[in-house]
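Asker: Protein chains in written order, with the working numbering: chain A, 626 to 712; chain B, 240 to 368; chain C, 400 to 905; chain D, 5 to 498.
Hints are computed from structural coordinates only; laboratory data are not their basis. Please read these numbers as outputs of a predicted model, since none were measured by experiment.
Computed footprint of chain C on chain B; a stretch qualifies when at least three of its residues, placed anywhere within it, have a C-beta under 8 Å from a C-beta of chain C:
1) 265-276
2) 286-293
3) 325-334
4) 337-346
5) 350-360
What follows is a set of in silico ranges between Cβ atoms, one per label pair, in the way DEER data are often shown:
6) C:Leu421 <-> B:Tyr251: 44 to 50 Å
7) C:Gln504 <-> B:Met366: 19 to 25 Å
8) B:Ala317 <-> C:Thr615: 28 to 34 Å
C-beta atoms are modelled at their ideal positions from N, C-alpha and C, and glycine is treated no differently.
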Amino acid sequence: MTWDANLLWQFDMLILLMMVICAVAALSLKGLVSSAVVTGAYSFFTCLMWTHMMAVDVAFTEAAVGAAVSTVIIVATAQYINPWSKD
Amino acid sequence: MDEFFFFIVAKYNYWASLILLFIGLYGMIAKNNLMKKIIGMVIFQTAILIFFVSIGVKWGASVPIIRFFPDKQPLLDATAYANPLPHVLILTAIVVGVAVLGVALAILQNIQRIHGTIEEDEILEDMRK
Amino acid sequence: MMDQTPVFIIAIPLFASLLLTLIGPLGPRVAYGLLIGALSLSLGASLATMVRVVQTGQAIHYYMGDWLPPMGIELVIDHLSAAVLVMIGVCALLSGIYSMHTAGQDNHDRLNNYYALFSLLVTGLLGMASAGDVFNLYVLLEISALASYGLLARGGGKAYFATFKYLVMGTIGACFYLLGVGYIYIMTGSLNMADLADILSRESLQESVSIRIGFTLIILGIWTKMALFPLHAWLPNAYSRAGTATACLIAPLMTKVSVYIMLRMMFTVFSADYIFNQIAWSSLVIYMASAAVVLGMITAFAQRDMRKMLTYIIVAEIGYMTGGAWLANTAGYTGAVYHILADGLMTLSLFMAVGAIIYRTGDTSANAMQGIFRRMPITAAVFLIGAASIVGIPPTCGFFSKWYLLQGAVQAGAWIFVAALLIAGLMAAIIFFRLLEAAFFGNLDDEGLSVGHSAPHSGTGAVQMREAPLTMLVPLAVAGAALLGLGIYTNEVVTYLIRWSVPAGF
Amino acid sequence: MFPVSFYQIAPVIALCASLLAVPLIAVSGRHPNLREFWTFAAAALKFAMVLSLTGWILAGNVITVDLINVLPDISIQLRVDSFGMVFALVSSFLWIAAALYTVGYMRGLAEHAQTRFFVCFALSLCATIGVAFSGNLLTMYLFYEMLSLSTYPLVAHHQDREGRGGARKYLTFLLGGSVGMVLPAMIILFSLSGNLDFADNIYGGIIPQGTGNLLVTILFVAFLFGFAKNGIMPMHAWLPGAMVAPTPVSALLHAVAVVKVGVFCTARVMLYIFGIDVMDELNLGVAAAYIVSFTIVTASIIALTKDNLKARLAYSTISQLSYIILGVALLTPSAVQGGLIHIVNHAFAKITLFFCAGAIYVASRKKNISEMSGLGRVMPFTFGAFALASLSMIGAPPVGGFITKWYLLVGALDAGQTAIILVLLASTMLNVAYFGPVTYKAFFGKPNDSISENPKIKEAPLIMLVPIVAAAIISVLLGIFPHIMMQFVRMVTT
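The shape of chain A in the complex, shown without the other chains (with noise of 0.2 Å):
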């Protein structure tokens, strides 16, 4: 496996597209839980791209870091304070 823009660059495009709507939607969901998870999502394809990138060991560690833990800790803390965001 190379890094072969013209292969795969459409996979590339599509990934980063995913990003960028997966964090708008999650600076702009008003349930704090759909956020949370919403940035887990982000942080998967986070971790798709660096996939890409040649950077598996980041990747690795990304979907276990970033994926999981994160999305664990920041679900955990909307269920402690009030789910709800006014924007």
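Got chain A; can you put chains B, C and D on it based on the hints?
Answerer: Chains B, C and D alone, transformed into the frame defined by chain A:
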């Protein structure tokens, strides 16, 4: 025009990270809910990390794990692999980011405990009392 | 053994902080002893390193685990970092000793965790001062920042929200720094400071836009961290709402070390020539610094809360150092570096004096100062020395840093900065005069409490003296004496330490 | 007379004598006699040390002692020359007299916080000697600031609203002048010339050739007004405000330490930093002479309107101080000599006047001149001394002030400044007008009821009377044997 298009497209991951950077910055500064601020912070940090990893990407390069072929010398040519140094740095940065996230959430819980809300305007009102 | 001192400086407080998290059941006394022991040893190592640097006249390069740069982690201790390391060590040890009573007051439970954060913060600061690698610097910056978030948040109540704001701003600053480092790394392929300096001095990179963006981002990030004027909003609330022991540690050190990083980046990684001829922001930065100095002092004047007043004075002092560094001459640079050392001690002694007064009176407003000269003469004397130093009265060290800064400003023709420094000096005189007058005479507004003309009075006997406990008083007195000592030995500090680090091209 | 090495140590001992006394005084606060003993011991030691240097200085030597190297190019340096000697002799001698008087005054009125008072008194004398013996501008600035701060508690001694207001004004003017004007001027000067050491003679100065005229003028103005202790209008306003202090402090402030330090610093800077040549070339001397002439006349006129004796004396001080600067500003040798000798003459005369004012207050609790009618018959010694000292102020022979006036007039004639001569004559008339009535009324006025019916009013205690009479006698002696001090002053101009 073609050149400009190429300029935009050829560096699309940089542009994407820039867009994410501004989304994150917007979230950190403009959002009223502190949890949203934290999520903005996460996005902001990740955008920088994507930028960093993009540095290491090369045309025709592969995952930075030395490849062994049957009956051949291992491939030791540096141009065949993505630059691993940014990856190493990013690993550290991710961990730092999660640590910041943890501290931020802990503080957030305490803010909820003290002020009973995590909306910035309500907190400021509460503090004025 | 002597060769290993650079690593001991950082490793000892780091391991102490790990150990401190584990020894909770042994009780706060043990934790306190461990903290003081670690800080003393670290200070000793710093001093030994400084002696070595001064004796050999050369920077010490220490390669972690013998991995050579640019791959390995390198610690570089030159004259500048040696001076800053000793300053950090002294301030940390003094505020560590000082924290015995106040830390317990602010943190009712798990004192060992508090001390672990304390030690971790010191580790981060010491590491920043000795890092020879821009990425390590980022990690250490975040380590100390994380520890400081934890410490500041333990002030409780309103401190949480202030800390949250600081956390957001601090993260933005650190991320900007990291982004800038990324840009520099794209263009140079190196992260080692000496290596970077070598590559960046090449002709082809002088004009590069990426390098320029990288530099801008790095400097913006550092300015956010050090609360330079328009970016300072987070600092006063975060520092003034912290616990006394925390404020005594963080207020003198965090911003000063950030200034040190700015100097490192400006003059070690980039060169004076690049900064002042290629970037050429000097006049803009001088305006910002002047605004910081004047507005910081004016805002400080408007405060009733003593600690908030001191934090605005920190904002003004940051302006002093930034302005000095951007004056682009030897005197200005000397003033900026000397002021890092001087202001660390000044802020420390003022915060400790105010902390002691608050400890005894329980009042944080200026009213607490009433009659302090009678009730707490030593505290009041140290406060007086610290105030004199901020105002710039010889022979305290504040005078000499102001001397160099003014000299640099005059030589650079930066009259706006000269005016700002003078106005700030006079403003500081007014600010402290108000407090000291109350401290001297008792009641501010009402004449009833002041001692009348005809009342025969033998002096000290009538009002009961009640100084703070000895663990607070001793570091307080040491800090006050250090202010005078540093002032008197300005020549030695400048000749043996600062002159060596004056960047080429001045 | 003494080994040479002694002369290196003596100035330091003179400087530190009062500094060392500070902790001793502070510790023995509960034993007034012991506490006062330390004051006297320090004063005596200081005076002895200064006195022992006179022979060596008169032989034409200059002593320089480097204390600490605070900055790479500048050190805290002591330098004893004939100019500094004049001032050091006067201030160290008058400390003994003032201490004697202070003890009487403070005990007579049972003042509060006497320990603090004596501590600050000692500190301010240390600063005064420091200024007199300073070898460069930085050292002078250091001691100048030390004096401002250590006299603050003295001015605010009464701790009431009035005292605090006066002290606040005092510090505002002094710190504003020194931090706002002298400090930047000093740093600009340092950037220009690379050092701050005083020149060897009064002609050359240290300002390098080719410095812009405008810059030199700005520096000159900054120094002239920045040393606000010299009381040049409009920086004089602190002086009447500081009158709220106890009388020994007023005596010290107005006669010896504070104002004289201001004048001394101004003269030192004019002569040894700018130099006569530069001042002559840029006409700075003439400009300064007119500025201070205005102060001389205006302050005298204001003094006429004051009924409070101490306030009248304060404005008289403002006026008399300007004589000294006037002499220096005229730039001719006679005028400079006249100006400098006035440091001595005015010190003795003015301290006598203030001592008298204090003695009158202690004895009769009277502050206003209009109430003192006939008081001279009850207090003949006090008012006799007062009369002698006023004669010195007026400039009548044979009292010291005459010498001043003589040299100033000769100097003004040399300089060809007719207007200045008129100013001197006018101010002499005004002096007569505001000092004459005090003595006249006291001796020949009709005693009002409160004095004639109150048998308790008599001379002040002996411990106060002795310094008064001694100072008055010395004032006269200075007029009869002027060469004792003139020989120092002559050395300055040669």
